[in-house]
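Protein chains in written order, with this note's numbering: chain A, 1 to 343; chain B, 344 to 686; chain C, 687 to 1029; chain D, 1030 to 1372.
Quick caveat, the hints were computed from the structure, so don't treat them as lab data. Don't take every hint at face value.
As the list claims (entries may be wrong) - Only part of the chain D face toward chain A is listed, based on derived beta-carbon distances under 10 Å:
#1 Glu1076
#2 Arg1079
#3 Arg1083
#4 Gly1086
#5 Ala1260
#6 Gly1321
#7 Phe1366
#8 Gly1369
Note that the Cβ used here is the ideal one computed from N, Cα and C, for glycine as well.
There are 4 protein chains.
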Amino acid sequence: MDKIRVAILGATGIVGQRLAALLAVHPWFTVVALCASAESAGLRYDEAVRARWRAPGEIPPSLAKTVVRPCLPDVEARLVFSALESGAAGPIEAAFAQEGYFVCSNAGDHRMSPNVPLLVPEANADHLALVQRQALGSGGIVANPNCSTAGLVLALAPLHRSFGVRQVFVATLQALSGAGYPGVPSLDIVGNAIPHIPGEEDKIETEPLKIMGDQTHLADFRISAQCHRVAAAEGHLLSIAVELAQRPTLEGLVSALSSFAPLRGLGLPTAPAFPLFVHPEPDRPQPLRDAGRGAGMTVTIGRVRPDRIFDYKFTALVNNLVRGAAGAAVLNAELAFRRGYLH
Amino acid sequence: MDKIRVAILGATGIVGQRLAALLAVHPWFTVVALCASAESAGLRYDEAVRARWRAPGEIPPSLAKTVVRPCLPDVEARLVFSALESGAAGPIEAAFAQEGYFVCSNAGDHRMSPNVPLLVPEANADHLALVQRQALGSGGIVANPNCSTAGLVLALAPLHRSFGVRQVFVATLQALSGAGYPGVPSLDIVGNAIPHIPGEEDKIETEPLKIMGDQTHLADFRISAQCHRVAAAEGHLLSIAVELAQRPTLEGLVSALSSFAPLRGLGLPTAPAFPLFVHPEPDRPQPLRDAGRGAGMTVTIGRVRPDRIFDYKFTALVNNLVRGAAGAAVLNAELAFRRGYLH
Amino acid sequence: MDKIRVAILGATGIVGQRLAALLAVHPWFTVVALCASAESAGLRYDEAVRARWRAPGEIPPSLAKTVVRPCLPDVEARLVFSALESGAAGPIEAAFAQEGYFVCSNAGDHRMSPNVPLLVPEANADHLALVQRQALGSGGIVANPNCSTAGLVLALAPLHRSFGVRQVFVATLQALSGAGYPGVPSLDIVGNAIPHIPGEEDKIETEPLKIMGDQTHLADFRISAQCHRVAAAEGHLLSIAVELAQRPTLEGLVSALSSFAPLRGLGLPTAPAFPLFVHPEPDRPQPLRDAGRGAGMTVTIGRVRPDRIFDYKFTALVNNLVRGAAGAAVLNAELAFRRGYLH
Amino acid sequence: MDKIRVAILGATGIVGQRLAALLAVHPWFTVVALCASAESAGLRYDEAVRARWRAPGEIPPSLAKTVVRPCLPDVEARLVFSALESGAAGPIEAAFAQEGYFVCSNAGDHRMSPNVPLLVPEANADHLALVQRQALGSGGIVANPNCSTAGLVLALAPLHRSFGVRQVFVATLQALSGAGYPGVPSLDIVGNAIPHIPGEEDKIETEPLKIMGDQTHLADFRISAQCHRVAAAEGHLLSIAVELAQRPTLEGLVSALSSFAPLRGLGLPTAPAFPLFVHPEPDRPQPLRDAGRGAGMTVTIGRVRPDRIFDYKFTALVNNLVRGAAGAAVLNAELAFRRGYLH
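Extracted from the complex, chain A is given alone in its bound form (with noise of 0.2 Å):
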C-alpha cells in the first residue's frame, strides 16, 4: 500500500522528537512536513533539534534534511500529528481539521471538547465515532489524554469493565521528561522532590471520566489525585488504591489486569499484544527499569494487594513520552486508518 502523508505539528519539542522518531519507522505512515514555531521554521530539523534531541538515538536520516515550516494548514498531508503546547495547540489544530486534515493531538485543548474523542484505544476505541459529530467532511480532531491518565486509563479500564470502579487514590510520582524541555530547573529537584505540578491533578481527575464513559456521559466515579515531581527522567509511577463495585480475589484482580488484551486481532502497528504486564517482584515497577516495556507502549503493573479502605491497591508505571504522549497518538492513529477514517 501507499503509506499515508503526515505531518508533525510542534515537531522541535520533546514530544515532537518522539513521534518524528516513532513515524520515521513506521510501516503505514511518512512523515512529510515537520512544523514548528517561527523561531524553528526555515532551518533543517536537525539544525532546529541538534542541541536539544533528546529522543534515543540519532535524529532520524530521512528528516534531519527536512526544512521545518511553519504550522499553516498547506502541508500536502492526510493526516496530522500535534505535539503542540496547549495554548498554542487550540486554534491551530483547529485550522488543519477546518482544512481537513485529520488531526491527532497530544494538546490538552480540545481534550474535554464533547464532540472530541478522547481516546484510549484499548479502554473506548467506540469513541473515535464522536469525530463524525465534528461535521468537518474529512477533517477532524482526536485527543489522547494526559500522560499520566493515560497509565490511570489503561490499568482501570479492565477493572472497571470486570468489576465496576467506584472510587480511586491516585498519587503520581512523575518523571523530568513530562515537564518539557528545559523544563524542571536541576536545581529544584537534584536531591529533591515537589509535590505539586500545575494542572496535573485536576487532568487526572476528569479526564478518565470522559474516556471511561459512554459517548455522551461521563463515567459515574470518583478519582483523587496527588502528583508529584521526581528526579527520574522517563516513566510516571502512579500508586492506585481503587474501590469496586463487586470485589474479585487477588487472582482474579490479577488475571483480569494481564489477560487484557481488547485489541487483539487489529494488527495495530505500535499496539503491543497485552497493553499491561503485571510484575511478580515486589519493588516493581520503576521508572529506570520498566519504562521501556513494550517500547514504552506497556503500563507494568506491580504490588498487587488488597487495601484497608478500598479494595486493592497496586502501582503502575506508564512511560510518558511514548504510552502518555507520542506513542499515543500514533496509536489513535492507526485506529483511526484501521476504522476508515482515513481515506
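Given chain A, work out where chains B, C and D should sit, using these hints.
Using the frame of chain A, we list chains B, C and D on its own:
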C-alpha cells in the same frame, strides 16, 4: 541542676550519630557512654565513625575521644537512648530496662507492646503513664514511632482532636537516609524511584492507631499507605487525604493545624513552639528546603485543599532523622523528665 | 560606628540572594537598596524572589519588604555590590562608578581591565591600589574573579609565594548553582555529567595570571583547564597538578597550604582565620560535606600527593556562591573599607 | 561452524551479567556454564540474579534456568570468561589456565604479569603472542585492562602510532556502575561528587604503558591521573591533555582519531567499524547520551582543541561495562579465536 547522665545504644549508625549530635549540646542531658556492636567497641568514637559520619557538622568534640563500649547494661547512666536496629534492639533494650534504666527507643521491637508507650508528646503525652505497668521500678521502655508515622500523627493529631479522623489515605516519598547507611545502592535510585519499602506500610497503617487511641484501645479509624523511596537525602513527604467526622471549613482546618501547640508551657528544649507549619507557597513542602525547619522538629504542611473523595488533602514533610528518629527520642525523654520519671 | 550604606545590583538572582543574606547580618554594612531588572522593579523583595529564593534559610526579614528599584545610580549608598549578569553588568557598573559609588562586582565584564583590581584579598591585597588609576574620585570598580578561579588562586597563592608556580593542570567538577537559576535543565544532568561550561576554561586559564601577577604584569606561568558540570548543588571541585620552581617536601607543601593566613590581624569579618583547610580523610573534599566550611569562605583541600609529571597534585573545593561570588565581593569590600577607600 | 563452548566465572555480578547478556547472542560462542561463589552455586541463574539484575533487558531466556556452578575447573568448555573480583580472581583463573582452559579475564590480578597479554585488540593485538610464554599448552590467561584504561588507550593508540605520545594528564569522571553492586551508597553520591576511587589512579598511570609498549618493555611516556566518582549510571568521562613528539594540526589529530580502524578486515563480531567517534557538538560526549554508541564498544571523543601546556586536549567517553569490561573480554576472545588460539 546536675545534668542527667545518658547512654546511646547503637551510637555509630545514622540515627545514633544524630543522637550524639543532639545530645552533645543538650541543656539537661550529658552523654557518658556510647555503645555499639562488637566491631566498634573498643575504638574511639571518632575512629569508629569517621568514615561514615553523616550528621551535619563535625563529630562532637566532647564525644570524639570517648571509647565505644558494648551494649551491656553496666553503664553509669540513668537514661538510655536506643538507635539499635530493629531485631537486635528488642532483647538489649529489655535487658537495660530490667536493670532499671529508662530507655527511649527508636527501634520497632517494642512499639506495639501494650505496656510500652508509643509516644509522640504532642499527640499522646498521657500514654507515658503506661510505663508504670511495665512494673520495672525505675526502669522502663518508651518508644517513638516509625519516621513516617511521626509525621502522619503530628498532622492528624489536631484534626482528630477537633474534627474526628475517620479514614486516611497516605502516599509517601521517603528520603534515602531513612534506609540507614550504606542503605540504598546508588545504582538503584539515581534517576529512579522505587515503590516499595519493606515493612513500612504496615507500620504506618497500625502505629498511629495505637498513638491516637487511648491507653488501652486502638483508635477507631482506618489508614491506607503506599510508600516510595526517592533520591532525596533527608525528609519524608506524605501526601494525605483525610475523611473527618465533622467537616470544617478550609480555614478551620488550616487554623487547627497551624495553631496546634499542646506542649506550650512545658519548656521542653527540643519542642518547637508550634510543631506544624503551614507553608503558603503552592509547591511546598520540599525535602531539600523544608527538612530543617524548627531544627528538624517542625513538620511542614502545604497544599491544603478539598478532596473529591474524602474531605481534605494536603502534603506534610517530616524530617525522618530528627522528628522521625533522634529528635523524637530526645523529646520523649524530655517529657519523661518533666513528668518526674527520671528522678 | 555608623554602618556603611550599601546597595545590591542584581539582587534577585542566585548570587544577589546570597549577597542579601550575607549583608543582612553584616556588622559593617547595611543594605539600603535592592536593585534589579525591570521585571522586578516596583515589587517588594519578598514578592520578587519568593518563588525563586535559593539561599539557605528564609528571605531576610529586614529586607523582605524593601521595594526593588531599577539599577540606576541614584541610590543613597556609598558602596554597591553587583551580582548582575556579565554583559548587562559592564555599562551599569561603569555608570555607578562614574557617579562616585564604590562598586564591588562579581561580574566578568571589567575583570581583565588593566585598572580594575581583580582581587582575592589573601592573594593580592596590594592590587586594590589600582582602583586609584581609574581616576573616578570616590568612585571605582573592584572585581572578584570567576568562582573556580577563586578556589584555584587560593590554593596556588601560598605555593607561588613559597615555591614559585610554573605550570598548572586543573580539571573542575562544577556544581549546578554555578549556572544560576533556572540554569541547567534537570533532563541534561540527572544521571549525567557534561564536559563543557561555555567560557569557563578561558577564565580559569587567564584570571589567575592577573591576580597573581604584580599590578601591571601578568604572572609568568601557564594554566590548562578542563571544566565539567556535575549534579552537585553547591561547591566546585578542582583537581590540580602543579609544577613548582622549587620542589618542597610533601610536608612542606601541606604546611604552606594549611598555615596560609595573610589577612591575620586585619579583622575582616568575612575572612576565615585560615582560608585553606587540608582535610585528612582520603576521600575529601566533597561538595556535599565541605562546601559549608568556614561559612563557605574556607577552601578545603585534600589528597595532596606527588605527581608523576609535575611535582604535586591535590583536590580543592571552593564554595562557588560564597567564596566564589557573594562572599568574595563582601570580603573585597571589607578590605577596601579597612584600607580607607570607603570614607 | 560449531560454536565454541564457554563458561563465565563470576556470572552473577554486574560485569558477569553483561557477559551473560553479550554471550547469549554471540555468533561464535555458546555459554555452557555459569559459575559463581558459594552463595549462588546450586541456584538457577534467574533465581540467583533476579533481585540484582542490572544489565539492559531481561535475563537471557537461554540462560535463566541454567544451574549456577562453583568456580571449579571442571566445566566442559574451551573458553572461560572471568568477571571475578580482583583478589579472588587470581588463583581461580590460574587454576583454570593450568587445566588447559583459555581464560579471558576482566580482573586485575594478572594484568601486570609479564607473560599475560594485557590486551586491547586495536592497540596491541600482537601482544596476544605472549600467552605462549605461559607454557600451559592449550591453556592461558589474557587480560583486559581497567575500564578507564580501556578508554584512555583507545584514544591514545592512534596518536601514539602517528605522532608519539610523550606526556598525558587525565582527569576522570566515573560512573556508579564502575563500583559494582551494591557499590556506592546513594547517601554518598546524590547531589555530590567524590574525588577518590581507591587504586584507580595507579592502574590508569601504569596499565597503558604495558599495553602501548612492545611485548617486553613498557612504553616510554608518563601519565598522571586524577579520578572522581559522579552520579552517572554508565560511562566514564576522561578529560585528557597530551604532549606529542610531533605536533600535528588539529585536523590531523582529529583525522588520526576518527579514521582509526586497525581491526578492519578481521571480521570480529564485537569490534565496531571505527572504535573512535569524534562528536561534533561542543558539549559531548556525555555518559547519558553517548555510552551506548556502537553497542557500548565505541569510544566517543569530543572537544578536541589546543592546550596551553601540552599540545592538545579533549574528552573521551568509554562505556565502562562494555568496552571497559565485558565487551573487552569478548573482543579479546574473538581475536584469540581468529588468531587460532581456541582450536
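Comparing the hints with the structure gives:
1. Glu1076: violated, 12 Å
2. Arg1079: holds, 7 Å
3. Arg1083: Holds, because the Cβ-Cβ distance from Arg1083 (chain D) to chain A comes to roughly 9 Å (cut-off 10 Å).
4. Gly1086: holds, 9 Å
5. Ala1260: Status holds, d = 9 Å.
6. Gly1321: Gly1321 (chain D) check passes; min Cβ-Cβ to chain A is 8 Å, inside 10 Å.
7. Phe1366: Since the shortest Cβ distance to chain A is 31 Å, the answer is violated.
8. Gly1369: violated, 38 Å
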